[in-house]
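As they're listed, the protein sequences go chains W and C. Taken in order, the first sequence gives residues 1 to 96; the numbers are from our numbering. Taken in order, the second sequence gives residues 1 to 325; the numbers are from our numbering.
Just so you know, the hints here were simulated from the structure itself, not pulled from any lab data. For glycine and all other residues, C-beta sits at the position ideal for the given N, C-alpha and C. Incorrect hints may appear among the rest.
Stated by the list, open to error - Label pairs and their calculated CB-CB ranges:
{"id": "1", "chain 1": "W", "residue 1": "M1", "chain 2": "C", "residue 2": "G181", "range": "52 to 62 Å"}
{"id": "2", "chain 1": "W", "residue 1": "T2", "chain 2": "C", "residue 2": "H285", "range": "50 to 60 Å"}
{"id": "3", "chain 1": "C", "residue 1": "A170", "chain 2": "W", "residue 2": "D94", "range": "22 to 32 Å"}
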Amino acid sequence: MTPDLIYGLCGIAVFGIGLVGALCAQDRLRRVLALKLCSVGAGFLLVVGAWREPPAAPDPVPHALVITGIVVMVSATAVALALIRRLQTLEADDER
Amino acid sequence: MTDPLVIFDLLLALAIVALAVAALSVRDLFAMIVLFVIFGLLSALAWVRLSAPDVALAEAAIGTGVTGALLLKTLHHLRFVSGTLGQQAALGVTPVTPVPVGVTLANAAFCGLITLGLAVAFLGAPAAGPGFDALVAEAMPLSGVDHPVTGVLLNFRAYDTLMEVVVLLAAVIAVWQIERGLSDAPAPAMGEVWQGFGRLALPAIVVVGTYLLWVGAEAPGGAFQGGAVLAAVGLLLLLTRAYVPQPGHRGIARGAFVLGTAAFALVALLVAGGGRVAFEYPLEHAKTLILLIEGLVTISIAVTLAALFHGREPVALTKGGRDDA
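So here's chain W without its partners, still in its complex pose:
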């Protein structure tokens, strides 16, 4: 059992959980969070792919890709959350 096997399966499990949440969750905030879980799962797989048995150094290119992915994900999350806030306000105004 090496870390890449353990965390690779862990990443796939997290991705699957996020996928179920994104498709089956009923409220918006939870769906956004589920998509974030998917992105973490994908990040796990990339980091696992970059891992080399120590003392060999890991592959830096996937690491850079995951860092880029994290920043893109926070941008997407911020826009999604702004849409949720706006939508919720509009719905509350309609009810009044």
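Got chain W sorted already, so can you dock chain C onto it with the hints?
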């Protein structure tokens, strides 16, 4: 004899999966966000175990810290809008039209199949295929920095990073447009302790953020991690009301948003020419240029992330409507 680290890895992986399940199944949205933050920090720890400290820093600071703050801010707004702000009751948003159980189950089964397929593909994949390690190691002396991840981010794959900064810029433009004219939920009263905490923590955060930026040239760290830590300064200032965004500050904010992108693109254009392509820095100036880009990008990232947290563009709201002047 089992290696104790293997046991640690197994327990950590189990905890991460369990936290992901718990975050999506807990009813209270506040508990969901708290569980997500713990999940993110444990994922960062797992990535340290996979010898990816840069990714772990980015995940802890941006993926967990900033995202968690954004989620909490949105939850606060939803509670304000639905009129349950002062109540301690759990807030679970009920759907307008409930989805039939059959559809949900079919969806879940479909997701399960995809996950199973991914797991089979992962287990069947050839172990340790050739990566970019050798290529990067060979080109490192030409990059101007000593840390491979920084070399890849700011030199070999600088286009990606430029586009990443553009995405961040696009996000803040989108958020300002979406929330245009939206009335803001009143900021939560933080109490006396927060003011003192802010005063104690702010200088330390500034030092840590700047250090992360500087150390990125030779060790894990860099513009994104440092920028996210500096964004925490903005969040603390906003939360303690030490800084209240004014309509007059919009120009400065816009300048700070585009500063990183503009500097990045300008350097790319300036080094192009004379037989070189964009981002092919002259070797003797490579480190200076990379640090210059990183420094300006860090300022942009910090201001942009803080603006994403604040959300609504600071405009003067009058009774009759929005006063944009």
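Is the gap between the beta carbons of W/M1 and C/G181 within 52 to 62 Å?
-> holds, 56 Å
Taking the beta carbons of W/T2 and C/H285, is their distance inside 50 to 60 Å?
-> Since the Cβ atoms of W/T2 and C/H285 sit about 42 Å apart, the hinted range of 50 to 60 Å is violated.
Return holds or violated for the Cβ distance of C/A170 and W/D94 against the range 22 to 32 Å.
-> With a Cβ separation near 29 Å, C/A170 and W/D94 satisfy 22 to 32 Å, so the hint holds.
Hint check: a violation occurs at hint 2 only; the rest are consistent with the structure.
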